[in-house]
Structure formats: C-alpha cells, structure tokens
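Asker: Listed below are the residues making up each chain.
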Amino acid sequence: MDDRRDLWRMGWAAFCLGLPFLFVLAPIGTFILYSFWHNESGALVREFTLENYRAFFADPVFRSIYLQTVALCLGATIVNLVAGYGIALFASRRPPRLRFALILMFMLPLFTSYIIKVYAVRGILGHRGVLNELLIASGLISEPITAFIFSQSAIFLTFIVLYLPFAILPIYLSIERIPENLGTASADLGGSQMDEIRHIILPLSLPGVVVAALFNFVMTFGDFVTPTMVGGTEGFTFGRIVFSQFGVALNWPLGAALAVILLATSVLAVGVAGLAMRWSTAR
Amino acid sequence: MALTRRGMAGMIAGAMVTATLRPAFAAGGEVRMLIWDGYADPEWVADFEKQTGYTVRATYATSADEQIAKMKASGGKDYDIVAVDSASIKTFVDQKLITPLDMARLSSFDNLLPDFKNFQGPIFGGVRYGVPLAWGSLGLVYDKATFPEPPKSWAVMWDPKYKGRVISQDDANNNINLGAIMLGLDDPFNVKPDEFPLIRTKLAELRGNLLTYFAGFDEGTTLFAENNVVLMFSMGELSAIALQKKGFDVGYAIPDEGALGWMDSLTLSAGATNVDGAYAWMNFLLQAKYGADMTKKFGYGSTTSAEGAPDYTSRLKWAKPPEDLAMRQTVWNEVRSGAN
Amino acid sequence: MNQRSDVLTLEAVGKSFGTTTVLRDISLSVASNEFLTILGPSGSGKTTILRLIAGFEAPTTGRIMLDGADISQMPINRRPFNTVFQDYALFPHLSVRRNVGYGLMVRGVPKAEIGPRVEAVLAIVGLQDYALRLPRELSGGQRQRVALARAIICEPRVILLDEPLAALDVALRAQMCKFLKDIQRRLDIAFVFITHDQQEAIAMSDRIVVMRDGRIEQIGGPEELYGFPASRFVAGFFGENNLIDGVVRAIDGARCEVETPIGPLWGVTCGPAAAVGAEVHLSIRPEALVPGATEGHRFLVRDAQFAGPTTLIEAQGVEAPEVTLRLRLPSGGTRALPSVGDVVAIGWSEADARVIAAEGSNG
Numbered sequence: 049m050d051d052r053r054d055l056w057r058m059g060w061a062a063f064c065l066g067l068p069f070l071f072v073l074a075p076i077g078t079f080i081l082y083s084f085w086h087n088e089s090g091a092l093v094r095e096f097t098l099e100n101y102r103a104f105f106a107d108p109v110f111r112s113i114y115l116q117t118v119a120l121c122l123g124a125t126i127v128n129l130v131a132g133y134g135i136a137l138f139a140s141r142r143p144p145r146l147r148f149a150l151i152l153m154f155m156l157p158l159f160t161s162y163i164i165k166v167y168a169v170r171g172i173l174g175h176r177g178v179l180n181e182l183l184i185a186s187g188l189i190s191e192p193i194t195a196f197i198f199s200q201s202a203i204f205l206t207f208i209v210l211y212l213p214f215a216i217l218p219i220y221l222s223i224e225r226i227p228e229n230l231g232t233a234s235a236d237l238g239g240s241q242m243d244e245i246r247h248i249i250l251p252l253s254l255p256g257v258v259v260a261a262l263f264n265f266v267m268t269f270g271d272f273v274t275p276t277m278v279g280g281t282e283g284f285t286f287g288r289i290v291f292s293q294f295g296v297a298l299n300w301p302l303g304a305a306l307a308v309i310l311l312a313t314s315v316l317a318v319g320v321a322g323l324a325m326r327w328s329t330a331r
Numbered sequence: 229m230a231l232t233r234r235g236m237a238g239m240i241a242g243a244m245v246t247a248t249l250r251p252a253f254a255a256g257g258e259v260r261m262l263i264w265d266g267y268a269d270p271e272w273v274a275d276f277e278k279q280t281g282y283t284v285r286a287t288y289a290t291s292a293d294e295q296i297a298k299m300k301a302s303g304g305k306d307y308d309i310v311a312v313d314s315a316s317i318k319t320f321v322d323q324k325l326i327t328p329l330d331m332a333r334l335s336s337f338d339n340l341l342p343d344f345k346n347f348q349g350p351i352f353g354g355v356r357y358g359v360p361l362a363w364g365s366l367g368l369v370y371d372k373a374t375f376p377e378p379p380k381s382w383a384v385m386w387d388p389k390y391k392g393r394v395i396s397q398d399d400a401n402n403n404i405n406l407g408a409i410m411l412g413l414d415d416p417f418n419v420k421p422d423e424f425p426l427i428r429t430k431l432a433e434l435r436g437n438l439l440t441y442f443a444g445f446d447e448g449t450t451l452f453a454e455n456n457v458v459l460m461f462s463m464g465e466l467s468a469i470a471l472q473k474k475g476f477d478v479g480y481a482i483p484d485e486g487a488l489g490w491m492d493s494l495t496l497s498a499g500a501t502n503v504d505g506a507y508a509w510m511n512f513l514l515q516a517k518y519g520a521d522m523t524k525k526f527g528y529g530s531t532t533s534a535e536g537a538p539d540y541t542s543r544l545k546w547a548k549p550p551e552d553l554a555m556r557q558t559v560w561n562e563v564r565s566g567a568n
Numbered sequence: 025m026n027q028r029s030d031v032l033t034l035e036a037v038g039k040s041f042g043t044t045t046v047l048r049d050i051s052l053s054v055a056s057n058e059f060l061t062i063l064g065p066s067g068s069g070k071t072t073i074l075r076l077i078a079g080f081e082a083p084t085t086g087r088i089m090l091d092g093a094d095i096s097q098m099p100i101n102r103r104p105f106n107t108v109f110q111d112y113a114l115f116p117h118l119s120v121r122r123n124v125g126y127g128l129m130v131r132g133v134p135k136a137e138i139g140p141r142v143e144a145v146l147a148i149v150g151l152q153d154y155a156l157r158l159p160r161e162l163s164g165g166q167r168q169r170v171a172l173a174r175a176i177i178c179e180p181r182v183i184l185l186d187e188p189l190a191a192l193d194v195a196l197r198a199q200m201c202k203f204l205k206d207i208q209r210r211l212d213i214a215f216v217f218i219t220h221d222q223q224e225a226i227a228m229s230d231r232i233v234v235m236r237d238g239r240i241e242q243i244g245g246p247e248e249l250y251g252f253p254a255s256r257f258v259a260g261f262f263g264e265n266n267l268i269d270g271v272v273r274a275i276d277g278a279r280c281e282v283e284t285p286i287g288p289l290w291g292v293t294c295g296p297a298a299a300v301g302a303e304v305h306l307s308i309r310p311e312a313l314v315p316g317a318t319e320g321h322r323f324l325v326r327d328a329q330f331a332g333p334t335t336l337i338e339a340q341g342v343e344a345p346e347v348t349l350r351l352r353l354p355s356g357g358t359r360a361l362p363s364v365g366d367v368v369a370i371g372w373s374e375a376d377a378r379v380i381a382a383e384g385s386n387g
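Residue numbers (my numbering), protein chains in the order written: chain A, 49 to 331; chain B, 229 to 568; chain C, 25 to 387.
Please keep in mind that the hints were generated in silico from the structure rather than gathered at the bench. Note that beta-carbon positions come from the ideal geometry of N, C-alpha and C, so glycine has one too. There could be a bad hint or two in this list.
Residues from chain B shown here face chain A by an in silico Cβ test under 7 Å; the list is partial [said to hold, decoys possible]:
| no. | residue |
| --- | --- |
| 1 | LEU438 |
| 2 | ASN456 |
| 3 | ASN561 |
| 4 | SER565 |
Using the sequences plus the hints, can you model the full thing?
Answerer: Structure follows, in structure tokens:
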C-alpha cells in the first residue's frame, strides 16, 4: 500500500513539474534556440548567429512598430486600470449580493469567445453598425461616421472592451481581501472616505493593480488579431509582425527572435511591476 | 502559402465527407489521396468505387505547408495522389516528393481543354509531374450599383472617389503580385530588386485609399457586407458568390492588366504504393462530366469542361513560387507600417 | 458625586438588526476621567455599545450625548473618540511611526508637527525604538501599544477599547492591565473598556457595567459588584461566591430570614426587595466564611487547594449534603487550616450574607 502511495506521489510530482516543462519551458526554450539560427534560401541553418536580433535593431520598421505598440498597449492598460479600479471599488462598497451581481456582470464577457467579442465590437462600431444606425435614425448625422472603426482608436477601444475584466478581477479581489476594520480604523482616526481610499485601500490593493496591469499589458501586447480586425490600415502591431514571420514569410528564426523580444518586453513589464510593489509600504 | 483559398469551398459546399469510403468488395485496394476540399465529392467516389473496385481514402489539407509536412513525414508512402497548387509544385519536385507521370497510362489527358493541355506549370525539364484539375483566380469584386460596367483596370482601387470604400487582402505575397501586375511587369513572380521600391510606393498609395485590409475569406466578405464597401481585391470567385448569397449585388471582374490565377494539378506521390489505383482515379476524374459537376458544386474552374466556366483564363497569371518571400515580407511590412 | 462631570451619556439606547434586538434601554454615563468597563459574556451586547459610541453603528432608539449634545448621527470621523480594536486594526503597510501619525495626518496637521508628537506618544507607550518597524515585525504586546498610541495621539475625549487584551497571553495581560490603567491616569481622560474577563475589569475599572442579553444587569464599582452582586448572574460572573438556595420566610427592613437546607439563615437584601415565599439565594464570599466558629453549621472538609497566599477549602454539609461551601483562608494564618476529612463548624457574619432573587436561568 505504501509503495503504491509513494508511486502516486512521485507520479503526481512528475506531472506537476513535467507539465510546465513540457508546455511552457520547452516551447520557450525552443524558440529562444531558433532565434539564434537563421534561414538560408528557405532552409534552416543551425549555426549560432545574432543576425536576427541585429535585424530587429537595424530595421526602422520593426523599431517604430515596436514603440508604437508599446505606447498603444500602455495607454490601453492605463485606461483599463483607472476604469477597472473605479468599478472594483464601487462594487466592493455595495452590499454583498449586489456586489456579486455587479462583478458577475463585468465578468460575463469572459464566458464568450474572444473572436465573438471582437466581431461584436465591430458590429457596434462599423459603418453599418449599431452605433451609426442609431445616430442616423436619431437624425444627428446623415452619413455614417467612419472614424469609429478601422483606426488606432478602434484598436484602443476594443482593447479596453476585451481586457477590462482582466483589470477588474484582480483589483476587486485584492480590495476584497483588505480587512474591513482598516477602513473603520481610518474613519475612527478622523480620516475621510478619500483618506481611506488614498492611504489605505490604494496601497493595500496595489498587488491587484500590478497583476491587472501585467495582464492587460502582456495580453494587449501579444494580441495581433484585434489590430488586424478593427485596426484597418493602421492595424499593424508588433504581434502582427511576429505572426507574419511565422505564418507568411516562413522565417522562423527571425520570428523567434522577435517573439523573444516580445517575451522580454513582457518580462520587463513584470520586473517593473515587481518594483512597483515596493511603493505599497511606507516606513 | 501563396494563395489562401483553402477551406473556402468547404464553407460554400457544406460539410464534406472526410471519412473513409469503402464498399463491401475491395478488389483493387485503396487509393489514398492528399487533396483539397471539393476534389473527392462522395457521388464521384461512389461512381469510381462501383466502376473500378478500388476504395478511396481522402485526407484534406488546409495549407501547402501542411501537405509538405505530411508528405515528408512518410517519404510520401502514406499517399498515392497529391493535389498540388502551381506555386508549390516546384518545391514538391525539388524535394522529390512526387514522381513524373507516365503519359502512356494517363489516357484521360486527351480530355483536357486545349489551354490546359499546354499549361506549363507541372512540367519541369520537359518532364510532366502533374495533370491540371481545377483552377481559379484572385479577381476584383465590385458593387454593381456603383459600377454598372465591370471595372477595366485595378487602378479603380486607387481612385480617391472610393476612398474608405475599398478593401484588400492582408497578405504579403498576393499584394506584391498585385503591385507587379499593376506595374505591368513581365513576370510578377520574379520581381527585380529595383522594382520593389516601385511596388512599395504603389501599395502604399493604395493603403491610403483603403478602408482596411482583411485576413481570410470570411473576414473579407463580412467586411464587405458590413461597411458599404464597393471594391475588394478578393480571394476568388467564391467571394462574389458568397456575397451574392447574402443578397449583395456584386460582380466579379478580371481587369485588363490580368490577375493572379491558381491551378491545382493531380500528381503521383513518390512513395505511391497503389500506382494503378492512382492512374485509375486520374483517368476517372478528368472527364468533362465530373469537371462540370465540380464547377457547379464548388465554383472551381474545371480543366475538362468549359460548361459554366468564365472566359478570362487567358488573362490569368498562373501563380509560381516567388523570387524571395522574405524580401516580399519586408516590403509588405514597410507598406503596412506606413513607414513610406 | 458633585465632582463628577459626564462627558458621554447614553439615554435609553436600543439597537436592532432587522428583527433581532441586540440592545435594549441602555442608559449610562461616562465621567470625563473615568475608567469604565463594560463586562459581559459574548453576545451580551457589550461590543455593540462600543460601536454605537464610536459611530460604527447608529442606535435604533435613544440618544448618545456628548457634553449634552446629541451625536447619534455624527459621522465616525467627526467624533472625538478613538478606538483600540480587538485585533488592533493596524495598517499593515505603514510603519509604527506612520500608523501612530495617521490621525494627525488626515486632520492636516503639518508634517513638522507630527514627527515630534509621534515621538512623544511612542515614548509614553515605550516604543521609541520601534518607529520604523512594520506591524508584522512587532510582538502582540507591541502591536497593542501601537494601537493605543495611535488612539491617544488624537487627544480624544474618550478612548474606546474593544477587548484589546484578549489576544495576549496571561502574563502579558496582567502587565498590560497595569499599563492601561497607568496611561489612563496620566492622560486623565475617559476609557471605555470592553471585556468578558472579570479579573481585567476588577483590576482596572472605576466602575463596571455588567451586561446580559442586551441589558444592563448592574452598574457599580468593582468592590460593590464583587461584594454585593445584585443577581445570581452577577454573582456567578464574579466567580467563587457561595450560593445557598432558599425561600424567604420573614422580612425585617433590609434583612430577610431565609429557609435553607441547613436551617433558617438571616441575610441582607441588596437587589430589589424580596417578598415572603420568594425563592432566593444567599450569596456569601469565600473569604467571609470562618471555620471553627462556635456558632455554626457542621461541614465535612472534602478538598483543600493551596493557592499561594490563600488556600481554597471545599466543605460539604454534614446534615445537608446538597450544600457545598468554598472557603478562602489565608495560607499562613495564626490558626491551623482544617485538613481533608475534618468536620468543622462554619460561620459568618450576617452582614456578609446577601439575599439575591433566584431566577429560572442563570445567564
């Protein structure tokens, strides 16, 4: 019996360690390896080279798209943090039942497929979309407004719709975890609601904010479908460039190098987020 | 992946039978085929099995890359027949995945319409590796209310009059091909280094006139339908058919500059184990009767029957492997990024 | 009580949550420099009183008065009271310094002023050297002191303490009792202290409010409650009192004659007047019993427990075995202590026998 249990335990440990290795570390390791090889007339040459990285830094297209994408994703992340924080804070101050209903309502989009949501946004913002139809029907405009969609701002808006739940949830959970009596103590010591939010809730929910920021930045940064679908001719982001190297140009080493840069950017974001956590305590 | 039309036929024709079809008797054995949607209709297969005693097993691929991967995995031993597109056939030959055809055994070759008998795509070093089966084009879909007459030139897409009402494919290779055709280059599949900047400029100008790019067949028709679009650099005849089915009054034109054409040929796998069965299928399928049925059912152009077929084959530029895919991607990235 | 000036008064305060009434008719006042303890078992409503005073809850009925003005609806942050929470409720992300300075900061006191005041208060609670620590880097007793410092720095009129010693171990608790009492004297402000521990209450309080089922059972000084409990509940709360059941036979002013299993006994009424025929208890403190008395009832010593300065004797009635008495005798007294197995006569002074009304339940 004991032997069997040990076997189980070992099997479980192997599973727990093996799964991330198999599905996370191994693929990452593979494309890091690829990024140091190169393609020669369609065939893979397995020799160490920094050529792919040099290509990234030398190519003005790669660089400017990279920076544009970082700016776009940072912007969407910041908007979602502010909006997500407001919603999470509002919900956390409602009675428990209403709180649950509110959070559930905001989480509902997570239950639908990503692609359906993008189509839904397009159905609303499109030239023959709900928004334009409504505006035309109301007589406010006679021609559909084309600026709603197929532009950078449409990407921005769609990012906000798609990723807002990923901002609300971690923030809400971290606010929820703050003991209620800390707020009571703040008021007891003469603090206003604003004092409580600023000095108690905000710093103590910072871990949630950091996680939300990470989710939003990393997910928007890697999302190449939304820009393609709603960005129109401006919908060209770094994720799209990475994708094109794999799917179209069949230049896997260059694609891998660009993916490493994408990954490095995300890791950098995690690092910055980690530093941000330090602000939460004050001696 | 030169032309991205794979899978569209399935969407139009409905669910395909992909399972193995076996009658009770199996006299001649199994013919295994690596093909595209619409190339082994269950009715034809039933006829074939009844007439010959062979059984058919069809495997459907969604891209040429997938085909190559599947073929390489077994050295071709898993398949007897492969349906290869004209842009990829050179790779198949170079990698020795397919083998020359024995014309003496290909009795149906005479059934081909003259244009396709002379098609040079599957011929390498004077040796024929494939027999053309189906074809199509990447033409211009236009709104008939806006254009009572089919546009004569691709230049209409650049016309500022239609700014924001034009959509185009988001595909490096097809766009460079389009640019090359617009510039009137002799061989759009062999662009010279000094011609790339001209193409880039041309495509950058187009970018300014577009509503958006689209990726994928469905996405193209959806965008067209939702946004008052009047012109589309389409993914094929089926785009127009799909829009017509949705109730849009659109036409399909091949402008005078010409357009990209794709041509699929049936080839014999280098690892074929049932060579007799493979020739039997080729001889069976390449009959006007089945060609006409294919056009009717799936909208593909047939090589054996002109029934219901369009008249623009002479203006098509049959796709070939491009000179430098990486270069095309770089140029396309520049266009897309708006860096010009 | 002419010197007494009340800072805080509760007038017939009641509190209900939905259909559940947790407080009824609470009337009490707190003098400006008084250490008032609200004592009661859990569920007796004592914490609710504190929450009403602090403003965390609003009373359903009645009024809360500060210096004669109704503050029942005043927001928490305007009330000149500060609370020491049961679990301290220290801000985990702020250092001791910032926790203590919080009340001043939110009131807009200039930074230059906050620093010295924090240091002064930390000196009072003996935590000068811990200013930069985070709460999690402190012991339980130290956190307790931070909580107190955080409350007193705001110079409140009343400090409210919600079972602040409950989380501490016994030794530390005794030490903190003395410490709290000292601080209260030094600051000369009112402390309202909530506890379920009668020893803490006796050790620190000027007055004790005994709570039971949402009502005040008795208010009085520690000695009064200990010596003269008004009810069996209060007597039981203060622990060791001997209770002899009986029925009132005769009444003579404040004196009653009670028929008990060991015969008729006289006692003094201290609660509501008893009527003839009423069921009562005679309550006698263990240290009021005298063994070896000439007049007395015969008891068999069953147990003797040495407890340092005193020894606790348990004795059973010889004629009435259902009566058991506990005696607390000085361990090193002039007379030898009775031993187990001895039969002794036990007597007491009539004034030490209190007559308490009997009741169905004993709370």
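Asker: Each hint should be assessed against the structure and marked as holding or not.
Answerer: How the hints compare with the structure:
no.: 1; hint: LEU438; in the structure: holds (5 Å)
no.: 2; hint: ASN456; in the structure: holds (5 Å)
no.: 3; hint: ASN561; in the structure: holds (5 Å)
no.: 4; hint: SER565; in the structure: holds (5 Å)
In this structure, every one of the numbered hints holds.
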